[in-house]
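Q: Okay, here's what each chain looks like letter by letter:
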Amino acid sequence: MAGSSPALVAAREADAVAASAVKALQAAGEQAEARDRYAELVARHQRRAGRIAYHYVRDAAEADEAVQDAFVKAYQHLATFREELPFDVWFTRILINGCLDRIKARTRRERWLVPMSARGAAGDGTTAERDVTERVAAGGLSPEQTLLGRERRREIAAALSRLPERQRSVFVLSHVEGRTSKEVSALTGLNESTVRVHLFRAIRKLRALLAHDIAGAQGELKGRRRVTS
Amino acid sequence: MSLLERLGQGHLSDATFARLWTDGAADPHLEICATCRERFAAFSLWLGGVGDAMRDEADEALTPDRLAAQQAQIARRLETLDRPARVIVFPKAARAVISGHSHVRRWVTVAAAASLIAGFGLGQVVPLRTALRKQQAAPLTKQITVERAKEIPPASTPLNDEELLSNAFARSHVSTLSALDDMTPHARDTVLRRRK
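Chains as they are written, first to last, in our numbering: chain A, 1 to 229; chain B, 1001 to 1196.
Since the hints were derived computationally from the structure, they do not count as laboratory data. There is no bait here: all hints are sound.
Chain B stretches covered by chain A per the calculated footprint, using a threshold of three residues with CB under 8 Å from any CB of chain A:
| hint | region |
| --- | --- |
| 1 | 1047 to 1053 |
| 2 | 1064 to 1075 |
Incomplete in silico selection of chain B near chain A, CB under 8 Å:
| hint | residue |
| --- | --- |
| 3 | D1023 |
| 4 | E1057 |
| 5 | L1078 |
Ideal placement from N, C-alpha and C gives every residue a C-beta, glycine not left out.
For reference, chain B alone in the conformation it holds in the complex (with noise of 0.2 Å):
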């Protein structure tokens, strides 16, 4: 506070008011001077004013019946403290297989297990495929590796290159592709016209 304020010859300022409203302090500038203390009783209005407002403003967002579902909400809350959460069964079949504990589900597994388990012991100890098939191919075999035999032509010497490609060019063609062949250009031609 200035010195001139203290004598009486200035008025207070609001930093002063606030000052004053804050510590609750009484000013003697204040007892002297009506002006001021009119501007204090404004500024003490105001502050009030601005305070209901504030409280009105939530007043008017926190309505009765909110507090009553609000009280409630609290009461429920609290009730559900003492109680561990409960908890919803889920429906049995499925749970059953998500779980794996289902019987039908444990038993085909099992099995399963199982059969492979001794399909392999046995494929182990028994060479049952080889068995088999000396059993049955061994009259038969004999029979028709004669015939074929006699169809398949004499294995000759293994021919030079030329004479293989002359071999693949002169095989017989499908009848179907035989247009597009005639279309198109090929080697042997261009190995026949350099040879000549």
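If we strip away everything but chain A, and leave its shape as in the complex, we get (with noise of 0.2 Å):
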């Protein structure tokens, strides 16, 4: 897991100087220079955000629409903001409960509705196989790259949504975002030591339900080394 590193120490700086700088803008009724200065923070931690969303909504539409609300809602709130959080951590808690409340919104009304059975297939596939062919030409992989690539993609994000709500939020978190268990904690509102817990029965389990990947993840180290040598 990643600790806090210079680099992050002064990016962290950095947003509680804008965070700070928008705060007193907006005291002073200064409104178009304030959002000038929290568009620098929008641009900042803006795909991180969108990462995060779409690891919980698993849905790129609601994802750049939890993000949009949880920064309309933080420069809101920026007046309750406390400097000795950072900034990240408290857009962060932000943006997660958002994506609590879609997800319980969502499972209230799918309540209701005929299941959709196709609808997550066409999530994960229909849309990322309907332009395969422009990202192979980007991403310059062959199309059987490309393809092997995103079928791993899914199977990933298939084992991880048979994880408990909150083993998949602190993997998330710590693993794709690189938190460590006191960020985590932070974010999360669960103790540091449950998050460690949760963390490990989260890899535990991925484990089990990645078996086959394993085998290909060492295969893969060997030939490196064999390269190497």
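Starting from two chains that each stand alone, build the complex the way the hints lay out.
A: What follows is the structure in structure tokens.
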């Protein structure tokens, strides 16, 4: 798990400066300047926020909306932001709460609707397969590699979706976003040792669910060694 | 961790790898066992690959175009926070009629109400109807009443039921219905038959 690297420390300092400036501008009634300054924070955290939201809601459009809502909400409540907490941690908490609300709302909605089993498949596969040729051209990968990679991602997503909610959250935050246990604890409101337990269980379960994937990783490792020697 | 693992006689399990990776701790067994070192390296590589795959998947879904549009949308939404929502003006005529602020409608309503009240009040104060009737009908009615009185037969004493019934049967019929009347059995015949 990633610790607090110097780059991260520097980024957090920049965030704190920008957030304080936005707060001061908001208090002074200079809204246009405040918005301009806030745009820096948006640009810096947008992609990361999108990834987190996407892994929660599993839908690009909904993740997009969740990120927008979180940024607007954070701007509106910036006066309540305390500098002792990193901006990204504070913001991510807003984002996660928004995503969880969306998941709850969706569950409620789907309870009254005809189950759309095709929906998940369409979300994972159809849109992705639609523009496969475009991406192959852009990424320089062969069609086979692209399809294999996509298949693997789909398997991982399926395995991840089988994890309990908390384990999935902790795994996404700590592994995909490189948060420390302490940060994940601050983000999720869980105890730090509980975070570690959830992470351990998530990895163990994923390992069992993706057993065939590990053989591939071992083969890859041997291949790399042969090349280096 | 089992004692065998500690002594280097047994290899580390996947669960131990997961624990080591989670806690970032070191295990003495890894230093002495090349197989486990290799397995742990493969485990770390696999886990890193899972993270990469997840990041790639999200990045594939959230394209740069989408992110740019999202940024613009956030900026727009933040701008609208400062301005109160603009209310689009509803067409004037329709609005006046719906809301009841139309001058014409107001005047029509007021006039109708005023006429109603005035008419009611006047009706209470002046008995116009009876006065007019008396004025117009007084000379005529006398004449007509006298003429009609001559036409009307003098009222007879009330008849009994049988007489009333026979009178009713004896009344002239509508010629067009006489055919139908002939075909219909009559109560009169039944009564007569019974008498015989």
